[in-house]
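These protein sequence lines are chains A and B, in that order.
Number 558 marks the last residue of the first sequence (our numbering); no jumps.
Number 288 marks the last residue of the second sequence (our numbering); no jumps.
Honestly, I wouldn't trust all of these hints.
As the list claims (entries may be wrong) - Beta-carbon label-pair distances, calculated as ranges:
| no. | chain 1 | residue 1 | chain 2 | residue 2 | range |
| --- | --- | --- | --- | --- | --- |
| 1 | A | I508 | B | E13 | 51 to 59 Å |
| 2 | B | R11 | A | P511 | 54 to 62 Å |
| 3 | A | H461 | B | L32 | 52 to 60 Å |
| 4 | A | G361 | B | N22 | 47 to 55 Å |
| 5 | B | R11 | A | H461 | 42 to 50 Å |
| 6 | B | Q191 | A | R373 | 44 to 52 Å |
| 7 | A | R471 | B | N214 | 57 to 65 Å |
| 8 | A | G467 | B | R11 | 53 to 61 Å |
| 9 | B | S78 | A | I473 | 32 to 40 Å |
Unchecked claim - Calculated lysine-lysine pairs in the DSS-like style (CA-CA distance at most 30 Å, straight line):
| no. | chain 1 | residue 1 | chain 2 | residue 2 |
| --- | --- | --- | --- | --- |
| 10 | B | K134 | A | K527 |
| 11 | B | K167 | B | K258 |
| 12 | B | K51 | A | K465 |
| 13 | A | K346 | A | K369 |
| 14 | B | K173 | A | K465 |
| 15 | B | K203 | A | K383 |
| 16 | A | K369 | A | K539 |
None of these hints come from the bench; they were simulated from the model.
All C-beta atoms in this analysis are idealised placements derived from N, C-alpha and C, irrespective of residue type, glycine included.
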Amino acid sequence: MEYLTVAVPKGNLFDESLKLLEYIGFPANQLKKEENRKLIFTDTRAKMKVVVTRNFDVPVYVEHGAADFGIVGKDVIAEMKPDVMELLDLRYGRCTLCLAGREKEDPKFLNNVRVATKYPNLASHFLSKEGIRARIIKLHGNIELAPLLGLSTYIVDLVATGKTLKENNLSIIKPFFSSSARLIANPFSWKLKRDSMLEFFEKARIYVEERSGSNASGSHGT
Amino acid sequence: MNLKNELSLPAGFFDLEFEKAAAKRRLENHFADIFVNKGYREFSPSLIENYELSDFSLVPKNKIFKFIDKSGDILALRWDYTTSLARFLKMNSEKISFPLKVFYCGSVFRFFEGSMGRPREIIQFGAEIIGGDVDGEIELIKGIFEFLKGTGVKGLRISVSEAEYLKRLLSAEHLPAESLEKILHAIKCKDFIMLNELASALFPEQREDLFDTLLSGKNSVDFRPEMENFLEKLKNSLFNIPVDFDPSLVLDFDYYNGPMIEIYDQNKTSIGKGGRYGFLSKMFGIDKNGFGIALNLNYILGL
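With the sequences and hints as input, model every part of the structure.
Shown next, in the form of structure tokens:
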């Protein structure tokens, strides 16, 4: 049987994704070592390669066929619209994309509103639906900094517990998109490696069902 | 705009420098030789079309590059060849005799967000036969594979499907049009999570068959005899190329009305796609079926 390559995101989905890989048969201990700077991990027995990438890079690897499977948040899929198969809701990493800020005023009645976000497409769709005229500023991380330093009036970002917002004196104005981790696949890989990919998918499906009976939690927002 | 931006190309476009341009020229000549020998004639439509023509195309309107000329007309950069050919046939229907066999080599332009590394200029080589029969269609596919063999692309494979296969599988005549549309949209987006929810609610009995067909490649309902005939001839003509079944290839039933194929390779890249279309009759009043395949030369040229 041929090797399967799985792209796993760094960050908040990482630990839960390792548990899934362990269940499927990939010994994930080698990925847990903090000093480890390797980005590709191979297991000859499980016939799997695991690559660790940035969250937003997972769909790119999968769409171009560099990875057969990927694990990524629904928020990233909705933002990037990759041409991939979206197979399974893994039911961890639950969080919500929210408009947040320091201003209590309704942004509809403000002029020159600037919104900082990692999600320009989803944010722009939401803002125009809400009738808010805003300029979107694309950032790559630590979005909460933007209103603190006057770069933007509001932010659109993922919120799980709300702790980070609170610590930075920001509050949720409106939640608008729910997300959780998804298993995605390259459609041509699916044709070329159908048997081994079906087996992986079936194990992942059973894992999700078993866990949803107990406690499927974990979040990938802050 | 700073100097750096002025001197760069927008994302998704490319220059063909020296060797690449020579390679494209060689491939064009090779493609033309094959199809001229099969009695095809070259078709080179204008690069600019009226934007309204996109009403007759499967390419989504938000993927078309459009602009306004000085008189206020909305124009568009060519987004595919088939729609331009249909427009040409409608304009010249009295002068044309069928079957009409044409080939083309050139660029089409589609808008994609820049971050996924998708090209916005796609070099397409393709061939179309209008008013032909199954043997003509197989001959066209053979020409396409003769060309591909000469390009050195390894591990070629074909996926096939048939228009309305999914409609039969879903017993679509019993489904409200709106529900069918939602299901087809989920299949088009390859969103199996949404599809599972819809199928469980709308047709729980056929849910398993649908998933077996889409994921396991199981043939849950039979092909029509005409499709069986096409498939047998295809396999006999290309005996060493693996053929698999992918019902999700045809989701636009107003456009396609027969066999559909997609050519891909071991690097998981779609190299070409096409099939039999009936939209000429439905949308242009030309009572002929067409069959065409367009190849993506960006991949072959390594762009």
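Enumerated hints in conflict with the structure, sorted upward: 3 and 9
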